[in-house]
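Novice: Sequence:
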Amino acid sequence: MLDPKLLRESPELVRAAIDKKHLDADVDAVLSLDTAWRSLITEVEHLRSTQKSANAAMAALPKGSPGFVAKVQEMKTVSAAVKEKDALLKQAEERWHDALLTLPNLPHESVPEGKTPAENQVIFEHGTPPAANPTAVAHWEIPGFEKLYDFGRGAKVTGAGFPFFIGEGARLVRSLLNFFLNENAKAGYVEVSPPIFVNAASATATGQLPDKEGQMYETLDKLYAVPTAEVPLTNFYRDEILDESLLPISRCAYTPCFRREAGSYGKDVRGLNRLHQFDKVELLKWVHPSTSYDELDKLRGDAENLLQKLELPYRVLLMCGGDMGFAQAKKFDLEVWAAGQKRWLEVSSCSNFEAFQARRAQIRFRSQATGKPELVHTLNGSGLAVPRVLAAILENNLQADGRVKVPAVLIPYFGQEFVNFN
RNA sequence: GGAGAGGUGGCAGAGUGGUCUAAUGCGCACGCUUGGAAAGCGUGUGUAGGGAAACCUACCGGGGGUUCGAAUCCCUCCCUCUCCGCCA
Numbered sequence: 001m002l003d004p005k006l007l008r009e010s011p012e013l014v015r016a017a018i019d020k021k022h023l024d025a026d027v028d029a030v031l032s033l034d035t036a037w038r039s040l041i042t043e044v045e046h047l048r049s050t051q052k053s054a055n056a057a058m059a060a061l062p063k064g065s066p067g068f069v070a071k072v073q074e075m076k077t078v079s080a081a082v083k084e085k086d087a088l089l090k091q092a093e094e095r096w097h098d099a100l101l102t103l104p105n106l107p108h109e110s111v112p113e114g115k116t117p118a119e120n121q122v123i124f125e126h127g128t129p130p131a132a133n134p135t136a137v138a139h140w141e142i143p144g145f146e147k148l149y150d151f152g153r154g155a156k157v158t159g160a161g162f163p164f165f166i167g168e169g170a171r172l173v174r175s176l177l178n179f180f181l182n183e184n185a186k187a188g189y190v191e192v193s194p195p196i197f198v199n200a201a202s203a204t205a206t207g208q209l210p211d212k213e214g215q216m217y218e219t220l221d222k223l224y225a226v227p228t229a230e231v232p233l234t235n236f237y238r239d240e241i242l243d244e245s246l247l248p249i250s251r252c253a254y255t256p257c258f259r260r261e262a263g264s265y266g267k268d269v270r271g272l273n274r275l276h277q278f279d280k281v282e283l284l285k286w287v288h289p290s291t292s293y294d295e296l297d298k299l300r301g302d303a304e305n306l307l308q309k310l311e312l313p314y315r316v317l318l319m320c321g322g323d324m325g326f327a328q329a330k331k332f333d334l335e336v337w338a339a340g341q342k343r344w345l346e347v348s349s350c351s352n353f354e355a356f357q358a359r360r361a362q363i364r365f366r367s368q369a370t371g372k373p374e375l376v377h378t379l380n381g382s383g384l385a386v387p388r389v390l391a392a393i394l395e396n397n398l399q400a401d402g403r404v405k406v407p408a409v410l411i412p413y414f415g416q417e418f419v420n421f422n
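Numbering of the first sequence is given in the numbering used here, commencing with residue 1 and proceeding in unit increments.
The calculated lysine to aspartate or glutamate pairs, modelled on EDC-like cross-linking and capped at a C-alpha distance of 16 angstroms, are: (1) Lys309 x Glu125; (2) Lys212 x Asp98; (3) Lys52 x Glu74; (4) Lys156 x Glu146; (5) Lys405 x Glu168; (6) Lys5 x Asp28; (7) Lys147 x Glu168; (8) Lys115 x Asp19; (9) Lys90 x Glu45; (10) Lys405 x Glu311; (11) Lys405 x Glu417; (12) Lys342 x Glu141; (13) Lys83 x Glu45; (14) Lys5 x Asp34; (15) Lys115 x Asp323; (16) Lys83 x Glu43; (17) Lys115 x Asp24; (18) Lys90 x Asp34; (19) Lys372 x Glu240; (20) Lys85 x Glu43; (21) Lys85 x Glu45; (22) Lys90 x Glu43; (23) Lys212 x Glu261.
Keep in mind that the hints were calculated from the coordinates and are not lab data. What you are looking at is a predicted structure, and each value in this text was computed from that prediction instead of being measured.
Taking the hints into account, I'd like the entire structure generated from these sequences.
Specialist: As structure tokens, then:
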């Protein structure tokens, strides 16, 4: 959510942001709702003030006295007016608030212009260049793949996109998770194991509701299966005022992530590329506004470190205005090279939301300079998403003998040097 | 799941229809006092919104209702605690 004051005082900045992100939002409509709301709140507060002073006067009068009775009659009119105007005010406030939520965050000045993914800037590449391994196959074509990653039975038991991970397949997943969590702990992220269902208030604070409820699985109790650990983690400090000395706070969490993502089929979603349930470790920071871009670079570096240690070729994209998302001020994507599919797979998206998320979730700190609460900046990124990293390992490290070489750094976790598919 | 008791400011805790913008205590900040400190004394101490400002308004777990007027009465939901039942 944007600062209403910013909108009032500098609507041109908001218009520029909408243009840069190639979104469609009506600033003037929001402004006129803002004006309408403000005029109503003034009116209601004036009526309330009348009521309050009458109340004080009536307290001093004897209960049944003529003056008292006359005052009751007089105040009935005011009371009715308050009721009526207050209903209008609530309506106006809701409309204004809803409209405000349609305005995107302002992109940082360092975000490049652009509309499509083609205009994202590749700012870093690491590892063997693409096409170095012409004999590689897509991971789902590895002989014996279904023995370790059973999509057929997953579909029977639950549905498409819910595979079973079996034997060495399951152990490789667990090895990756432990590796990620341990490395992140070394980098200063405190491990958290959060609830994997959240209530509507939490899903609203991080922006999944009201518009994206179709993307989440929902229970009878109106709880939502988390699409990412970002949701419970960010909401941890919802409606709180933190001590400034605690910042920056860095945490990480492993959760399964649940995404309905209805209606997408084809090559992009085959195998481990896109699942309804997948494992991910999320990195999250609550930081002082003055340090958030330094912290973003560090967070991205922490995620990159994982890929480097796994010896996977990857690249870093600085997302352009049109491809960066609604709430982000700046975003980097980390993409790993999958040699068999001969394509880049997104395994982490590292973003600075500045105060956009914190305002909606009301996460603040008490500034020692002013003594007043100020909004924190929130950042997050994957560190990392398991299935696509797994896909890349399988495709890049496949041997001529049909086994997959386990990255050296994972061997202590996995307990052996190769994954066997027979 | 059943029965009962509760939810008030940073904390403790009063208030059960009318100057409650919530007593009192603790804590915290500043001042006086002191060689210095403690004690003592004094002043102040929430969040949000509107307004150029003076100032005004809202907030006593959430939502709704009754009333001229609600922290206080009614309905409803959530949460906490105690006891019972069940359970990895």
